[in-house]
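**Student:** Listed below, chain by chain, are the residues.
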Amino acid sequence: MTLERIPIRVEADDLPMSGNAPAVLREIGELLHRLAEEGVGGAIDLRSLPFLPGDRVWLEERLGCGEVEISLQAGGLSTFSETRFPGVWWVVHRNPQGAVVSEQVEVTRVPDIIVADPNDVRNGLANLNDLISGLS
Amino acid sequence: MTMNKNAKLLENLEWQGVSRRTFLKYCATLASLMALPPSAGRAMAEALAQAKRPSVIWLPFQECTGCTESITRSHSPSIEGMIFDMISLDYQETLMAAAGHQAEEALHKAMQDNMGKYVLIIDGSVATGLDGAYSCIAGRTNLEALREAAQGAAAIIALGSCAAYGGIPKAKPNPTGAVAVSDIIKDKPIVNIPGCPPIPVVITGVLAHYLTFGSLPELDKLGRPKAFYGETIHDRCYRRPFYDQGKFAKSFDDEGARKGWCLFELGCKGPVTYNACASVKWNGGASWPVEAGHGCLGCSEPDFWDAGGFYKALSMPADPLKMTAGAALAGAVAGVAITVANRAKKGAAKAAHETTTLADLEK
Amino acid sequence: MSASLEKGVRVLKEVIDAPIASYFSSCVHCGLCAEACLFYTETGDPKYTPIHKLEPLRRVYEQEYTLLGRVAKWLHISKPITDAELAEWQELVYNSCTLCGRCSVVCPVGNDIVYMVRKLREGMSASGNAPEGIKGAANRTVTIGSPMGVRLPAVKAQMKHVEEDYGIPIPLDVEGAEYMVMLSSMEIINFPEYLGAIAKIMRQAGKTWTLCSTAFEATNAGMQIGNSDLAKVIVSRIVEGAERLKVKTVISPECGHAYTALRWEGANLVGRPFTFQVKHIIEVLGEFQEQGLLKTEGMETDRLTFHDPCQLARRGGVIQQQRSLMKMIAKDFVEMPDAGFMNWCCGGGGGASAIEEGEELRLEAFKRKKAQLEAVKPDRLVTACANCRIVLEEGLEHYQMDIPVIGLTETIAEHIPEKGA
Amino acid sequence: MNEMQFLTWVRGPGLDIALSLFVLGVLWRLIEIYSLGRKKDLSAPRHKPGASGWHTIARRSVPPEGMFKTSPVSYVGGYVFHIGLAIIIFLFIPHIKLIESLVGVSWPGLPSQVVDLVTVVTLAAMIVLLADRIMKPTKRYLSGFQDWFTWTLTFLPVLTGWLAVQHLLLPYTTMLALHILTAELLLVFIPFTKLFHAFTVFGSRWFNGAVNGHKGVPV
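Residue numbers (this note's numbering), protein chains in the order written: chain H, 1 to 136; chain X, 1 to 363; chain E, 1 to 421; chain S, 1 to 219.
This is chain H alone, in the form it adopts within the complex:
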């Protein structure tokens, strides 16, 4: 269980906004435009921005949910949720204890980390061959 489930929550009726969220949305638009034109996207680190709770809610609502949801178990759970704009991913990394350690909006066709690394593929192949040879 993670202690994040029992934080003291902000009780304000209107979640305060810094006004930075719309700018982030425009930045995402820029990155997506570049992805469409040049094939190169980018990422925005949400935790390094001066975001107030309202900003995040606002941005989440605007981006919405898309078709793909990927979860990755690598030194803690990571989730990759495609928004309703294909190519725009909401990425959350957690540590083995389950606390969020990084949160980004990534603009890419498939997040890098999802694609199997050729070295891992080779290692995997070797391991699989060992397994197969063990069959005989």
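Hints listed in this document are in silico derivations from the structure and should not be mistaken for laboratory results. Computed from a predicted structure; not experimentally measured. Fair warning: there could be bad hints in the mix.
[Unchecked claim] Short derived list, chain X residues pointing at chain H, Cβ under 8 Å:
1. Ser19
2. Arg20
3. Thr22
4. Tyr26
5. Thr29
6. Ser279
Positions of the beta carbon are idealized from the N, C-alpha and C atoms, including for glycine.
Given the coordinates of chain H, assemble chains X, E and S onto it according to the supplied hints.
**Tutor:** Relative to chain H, chains X, E and S alone:
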């Protein structure tokens, strides 16, 4: 467990069964914590994968072992992973198995073998009183040990507020003459990682930066990595909206405290403290002081211990007013003195009064 | 430092007191006092700002009675007072100040500016920096007995005329009379009707009264020039006369400064409380009216307004009496704007009317009175100060305004029925 | 000196020094001024003098007949700025806390948003008054170094306080420290400049009222 000391980092990780994805994720996270652009995660991963583990020598001076405690509770990556995978920790009294002469030999061997290349980590302040006699290890003062170890170091990390600023040993009246590492060593690059204790991931981040880019990260005026100490606790605090609305807890058990209002009036030093607690948090990301309901003590700032009380709001006087009563007396004395002088002057003017006659109306 | 300057500064050191220290410490240079001073409002010249007129006094205060000022003086970093400076200030302290006291009642921090001007004049006069005109008046008052040089024979001649004209004996040196009536030279020379009016009023009221052969002149040029020693010489004659004749009340004539000199400064000048009362004639008339001792017949039908002499109203506290007296005899009594407590000075009080070189400025300042009069367009202007009366007449003549100026006492007396009629 | 050391100094030794000089100066100056004494008035009072001095202390806060029209800027600006300052100093909660920590007395304050608004209005009034001092011939004529200096001394703490609360221009720490420092400078200079009217205004009004009350003139 046998391990090739000269192997590349990733080879060791692979050997331990750490996947590339895990490593990449770790690098991405670290980059994000260091406010590097997200793309730096991959660059860091590639550089670290090829990096050789640097030799690290860790010397404890006037300290409480809190910094070591903090680092050994580092969660990302685990201390074992970090120590054995990223660096070659060649001397650390508290953690090492060796003791006594054996330990001393290990230290000198590590220094000789890696002359000019090792990273020196210091925790604890340096006693300078009585020529440093207040704190000795193996019959040598910390002052001597520091000077010697610093000579062969590529860089020095002053870990914790004591090493960075003198810390609690330096608190008034500073009986041991405690000073910071940077007060003694002037000719080596020094990174201060203050905090009482410091956030564990900061040291990982600094080492990762050093390994990735071959240089120390950008530092602020106080020698702290800007990536972690670039903003105040207050700037990143989740209770900040309450501050902006003027909602303050007035005591630790009132309605405001229960609702999680701002702790400014209970003495929170968040507005003047540069550190990453609010975003990195503590204990595996579980919580941090303000989230636990206590104001920030400002432990990563110089002389935090003497900065006027942990429970006094920043807008309050730090010290009791010592001179005011004396000043009131001095004011009264000055007033009475000038009164006496004035009366004498006026009296003399009166005594010298000559009745004005018509003739006096002319010059 | 010349001997006269030294004397002036010494006198200033003598008169500076806690109120002055408090006032100078309170001034914030807001400039509001300027708006209350007719010499500023009519010329627009900021040098006439009342508090600025006190610069020499302020500097003496700071240099002599504050610790920091004493240190600055000792270090020679403060500007000492010079004779030339005091001479330059003469125009500000005398010509352009009538001691009307309007500034003192508007100052938001409560500074009694006119109190300070009066004190500064002590130093100015002692250092020989008083204007020639007032010096002459003071000289005549002290040596001859009256600022206009009137001697007892002249008074006696007027008494004789009045006795003939009114058929009422004028008592002189009557011991034990209830009232001792004072005159101003203006009244003796220019307005002898005043004496006749007093005779009629006293007869109707059934009061005993007298003139005093050693103290008939009430005006006090010593006070106007701002010299307490000379003022004391003048006021002492009256005190001696009143005490010799054992009168109950001394009546100050229709003269503003005579009233202030006698009523408020007199006891302080001689250094002991009076054994008699001092009242302005308007106060006495007010009492008679209240007690039913003053009966008039007939009403003036033309439009009348009343000019409050500063020393009587704002500086003397007599404000209501003249109004009920006016209503007794005037059908169409109108008030000028700012009348009463905040009335504007005629421009010639405080000795200013005696300063020849100040005439141009005085006439400039008179525009304020002109505007007040134009606002109500009276047929005649009533006042209760012979000096105001002369200054008003000069001003009206200069601006070609045909408004006769009359004294309130005489006007009242005109409405007193003849004996037996 | 870094921000924290700066702040620690201004809220520690700095405050001690400033408050001490203030207390010293106020006592010295009050004694210096009022010990000069004055002569007893021997003339017979028109009425029993009563409380006319006290009345004047209150009454002089209201513009006399006709004066408002002549100088509306001075009066409106003066009221807004003085009342504003009083609200800011005595009704802003952190200031009440400060006073409480010094002397142990406290009272309810106003919500920060209200004080915020008052501060903006006060700053505006001070700027208007400065403009008036520059534009109006009498005021300009009377003004010397001290007038400009004391204006600045009074303006800066209000401005820096507001900037600190609003998190503008400089980091909060630095701005708060500057706010405290400028307030300390103000305190130090109060006894030795025209700002001392904050104390002597009562004495001055009282003297004036008492003298006039003696004559039966209500001023």
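**Student:** Each hint needs a verdict: does it hold in this structure or not?
**Tutor:** How the hints compare with the structure:
1. Ser19: Cβ of Ser19 (chain X) sits 6 Å from chain H, so the hint holds.
2. Arg20: For Arg20 (chain X), the interface hint holds, since the closest Cβ of chain H sits about 5 Å away, which is under 8 Å.
3. Thr22: Since the shortest Cβ distance to chain H is 4 Å, the answer is holds.
4. Tyr26: Holds: closest Cβ of chain H sits about 6 Å from Tyr26 (chain X), inside 8 Å.
5. Thr29: Constraint on Thr29 (chain X) satisfied, holds at 4 Å.
6. Ser279: Holds. Min distance 6 Å.
Hint check: no violations occur; every hint is consistent with the structure.
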